[in-house]
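Undergrad: Chain by chain, the residues run as shown.
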Amino acid sequence: MKRWCTTLAALLLVTATAACSDDDPDSADPGGDGGTTLTVFAAASLTSSFEQLGESFEKSHEGVQVDFNFAGSSDLVAQVQSGAPADVFASADEANMDKLTADDLQGSDPELFATNTLEIATPPDNPADVQSLEDLANPEINLVICAPEVPCGAASQSVAEAAGVTLEPDSEEQSVTDVLGKVTSGEADAGLVYVTDVITAGDAVQGIELPESASVLNSYPIATVADSENADLAQAFVDLVLSDEGQQVLADAGFGRP
Amino acid sequence: MARVHRDVGVPSWIFVPAAAGAVFVLLPLAAMVTRVEWGSFFELITSESSREALLLSLKTSTISTLACIVIGVPMAVVLARTEFPGQGFLRSLVLLPLVLPPVVGGIALLYTFGRRGLLGETIDVLGFQIAFSTTAVVMAQTFVALPFLVVSLEGALRTAGRRYEVVAASLGARPTTVFRRVTIPLVLPGLVSGAVLSFARALGEFGATITFAGSLQGVTRTLPLEIYLRRETDADAAVALSLVLVVVAVVVIGFARQGRTAL
Numbered sequence: 001m002k003r004w005c006t007t008l009a010a011l012l013l014v015t016a017t018a019a020c021s022d023d024d025p026d027s028a029d030p031g032g033d034g035g036t037t038l039t040v041f042a043a044a045s046l047t048s049s050f051e052q053l054g055e056s057f058e059k060s061h062e063g064v065q066v067d068f069n070f071a072g073s074s075d076l077v078a079q080v081q082s083g084a085p086a087d088v089f090a091s092a093d094e095a096n097m098d099k100l101t102a103d104d105l106q107g108s109d110p111e112l113f114a115t116n117t118l119e120i121a122t123p124p125d126n127p128a129d130v131q132s133l134e135d136l137a138n139p140e141i142n143l144v145i146c147a148p149e150v151p152c153g154a155a156s157q158s159v160a161e162a163a164g165v166t167l168e169p170d171s172e173e174q175s176v177t178d179v180l181g182k183v184t185s186g187e188a189d190a191g192l193v194y195v196t197d198v199i200t201a202g203d204a205v206q207g208i209e210l211p212e213s214a215s216v217l218n219s220y221p222i223a224t225v226a227d228s229e230n231a232d233l234a235q236a237f238v239d240l241v242l243s244d245e246g247q248q249v250l251a252d253a254g255f256g257r258p
Numbered sequence: 001m002a003r004v005h006r007d008v009g010v011p012s013w014i015f016v017p018a019a020a021g022a023v024f025v026l027l028p029l030a031a032m033v034t035r036v037e038w039g040s041f042f043e044l045i046t047s048e049s050s051r052e053a054l055l056l057s058l059k060t061s062t063i064s065t066l067a068c069i070v071i072g073v074p075m076a077v078v079l080a081r082t083e084f085p086g087q088g089f090l091r092s093l094v095l096l097p098l099v100l101p102p103v104v105g106g107i108a109l110l111y112t113f114g115r116r117g118l119l120g121e122t123i124d125v126l127g128f129q130i131a132f133s134t135t136a137v138v139m140a141q142t143f144v145a146l147p148f149l150v151v152s153l154e155g156a157l158r159t160a161g162r163r164y165e166v167v168a169a170s171l172g173a174r175p176t177t178v179f180r181r182v183t184i185p186l187v188l189p190g191l192v193s194g195a196v197l198s199f200a201r202a203l204g205e206f207g208a209t210i211t212f213a214g215s216l217q218g219v220t221r222t223l224p225l226e227i228y229l230r231r232e233t234d235a236d237a238a239v240a241l242s243l244v245l246v247v248v249a250v251v252v253i254g255f256a257r258q259g260r261t262a263l
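Chains as they are written, first to last, in my numbering: chain R, 1 to 258; chain V, 1 to 263.
Worth flagging that the hints you see were computed from the coordinates, not collected in a lab. Ideal Cβ placement from N, Cα and C applies to all residues, glycine included. Please note that the accuracy of each hint is not assured.
Label-pair ranges, simulated between beta-carbon atoms [what the hints assert, rightly or not]:
1) A137(R) x P74(V): 43 to 49 Å
2) S108(R) x T34(V): 33 to 39 Å
3) L98(V) x L217(R): 43 to 49 Å
4) Y111(V) x D67(R): 30 to 36 Å
Here are the simulated DMTMM-like cross-link-like pairs (lysine to aspartate or glutamate), alpha carbons at most 20 Å apart as the crow flies [as the list claims (entries may be wrong)]:
5) K99(R) x D234(V)
6) K99(R) x D124(V)
7) K99(R) x D75(R)
Please put together the full structure from these sequences, using the hints given.
TA: Structure representation (structure tokens):
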């Protein structure tokens, strides 16, 4: 049964891809308009910084277009594992990069290029008057954090443990953007998000620094992907991220140096 | 297939796209079944978080279905049995959640019943808090499931026509008696299938719930949310729970078919 299904699935897939490739040439194929496309899979928190670096890369590399796929790191690594055409992978944590290297799908050794720490975010008027991590233990306030299954949630747990505080969240969200959404809409009195998220959100939230979070750094690794058809370009993009220019863009967005 | 009558036969080529369609629907389900880790299946679906998610899903979907019946039946009757200016437009609006992405429904609910929403302060004054409560889950599910009941029932009402109602009224029955003794029994199959569809839709609700209600074990984390979260770390558990949801859905549909033939 299993084999029969797999065969049928494979057959359908082949037919589908064959049908598609007739009028849609492979994006990495440097034919047609003579352009090359570099596909970068990057953690959602890197969106604004990497888009800026992408533009800079396109300027310095004539005829190259940089396409981004921004999503949660675990989604991205799952896509690469199932054969998505990525040239570069930048993860928000080392655990997901480890999944890539465990399958031997990295083209270059992963290098750390940024760090991120947690901060408390409250609505601009801070209705529950939250000042510190201890305040978050108060069951009266509406606290929203990431679920322990995702990187920001794991970090939240570590920060709380390190400080000896028991958090009582009203909701454990799937991603840091969901937490931020609950805070900006005023549903939550406070949330734990990354420093970079607070900066991106601007006036929509108030950030409260967490001295306790300094010990829980989230490190971002980057690597080229093994099956990349543009290995040299992929490496050039990684080099740009690690260069002074790349580090400056990331610092402006609130990331720390590894 | 061999039993198709000569005189009313369908074109033979039509079986090809029909079979392709069936494969398209069934193959992904079969593929999922091949990925189930049967050895640990029972363990995975009976973990505390899984059980709580399943129970919460069944509980909230049942309440949402009842809510859909309570407000959906009058809506369908008004749409099917009365005429007023702008009715067509109103009907389209009522059916909107059917075509709206659920996450948009969640945002709309947030800006209505959220703490800073249109009615948020009023609700706050009354001493309720909808945010992050099971009530919010039920509201999200009712919002997306309601059109299914209204559409099914309105169709049934139109098909049934007004003949029996007119006769009952001419014999002296008051409108409420006609509604209770004639209209409802007449359209009961339509009502049942509408309610089952609403239940199924509520059971699968994800987008509006995660946007409006949040996600906390035992309070707001329904089975679809649990599956989505588990996928992050434990793909086996996600697949096992998906299968549970498929089985529940199949049982619900089977029940609906049984119910329809029995009625």
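Undergrad: Report the numbers of all earlier hints that the structure fails to satisfy, in ascending order.
TA: 6
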